[in-house]
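Numbering-wise (our numbering), the sequence shown opens with residue 99 and increments by one.
Hints are computed from structural coordinates only; laboratory data are not their basis. Mixed in with the good hints, there may be bad ones.
Lysine to aspartate or glutamate pairs mimicking EDC-like chemistry, simulated, CA-CA at most 20 Å apart [as the list claims (entries may be wrong)]:
(1) K369 - D318
(2) K268 - D367
(3) K271 - D202
(4) K268 - D164
(5) K369 - D269
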Amino acid sequence: MVDHFNNRIQKFAINGTPPAIPSTPGNIGAFHATGGLSLSWDIVAGATYYVLYHGSDKAVTITNYDGGIYSVRDDFYQKGQNTGQTYVYTMKACNSAGCSAGSDLFTQTFTRVVFNGDFDGDGKRDVLWRNANTGQIVIWLMNGASIVSTASPSTLDLNWQIQGIADFNKDGKADILWRHIKTGEVAIWLMNGAAIANTQSVGQIDINWQIQSLGDFNGDGMSDVLWRNANTGDMVIWLMNGSDILQHGAVATVDPNWQIQGVSDFNGDGKSDLMWRNAETGQVAIWQMNDATITAVNPVATVPANWHIRGVQSQGGGNSNILWQDSIGGDVYAWQMSNSTIASGGYIARAVPDNWKIIGVGDFYGKGSKPITKDDYTGSQSDVLWQDTSSGDIYLMSTGGSDYPATNIPAGWFNE
């Protein structure tokens, strides 16, 4: 039947009445995927499509949803480039009769578990790229701002998403943690440079459980895995021995406003700790960890909502570098942390144009850790990798030497 007032064609039920408007979607969860956003929600009876909203006028229509996790990729939702930034979403279920009320607001803080791993064990950060259209993976082995070599270890179905980069087998080389977003299966690629030395399946986990971060929580030199249940807020740590789960322990149940922003050894005991931020209040806090046990909670500061953490890097000895950026003015500021407190800080860049995004933080020159005190602060000890999203150019900013490793990276390639 044609509606002559708004030129719509409506689908009527057999009895001549339009279908009922669907109910509101529930149990919505979100996390980063290559080039966009991955979502899960309960199927709504009678819905033929869903609309995801961010802000007052941004929307993406999602069709053919049959459960599980759905990846959304378009220009607007490629906000995962802004690591540390929290976005608020709502969703409606729709059919020819109209759309439901919006769901409760849900938030997602985009982070990289580890920005750039050292894949060849030379003490210098390397760079991993993935094509969001084809699934191809490419690794740059780096020497400062120079690309020593490039290789593509594999092209993988986009249902497989990188969850983190860390050393799982204590060989000094970064490995890659994967998860299948439909089945929940977890797998590890043990790497040797840009080559896959071994592939190990870890297990299949309910998709309500999401990987939050990687870190060495028991100090054995092998990465562990921190999980969070999207529905309950429960947190669990897997203590790993390579690709084997040595043991797992419950950590805490956490309010969804609190989001993990980074992992580092903040107190110098050789074990990873957690940096949190409250998306509503801006409060920053550190959990000092021992295995799966919280040994201390340290409030750090309350930071205005326009400032976002772009990177966290351990400097050794309980020292860490926290990189912040003002999303309004573009200024970049570094906190030098010592034993979970701010020892000093300073600006490392001012008024950076919005098209330049921080895509990596780490030690690209193999400088190693440097003790940081209130008296010897000389700026950020981290090298910062930038990308001009308008041209694709890559720029490394470093005290060891700043330069362009590459220019004109094609659209569709994303740093993990």
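What are the numbers of the hints that this structure violates, sorted from low to high? Going through the list in order, the structure violates hints 3 and 4 and respects the others.
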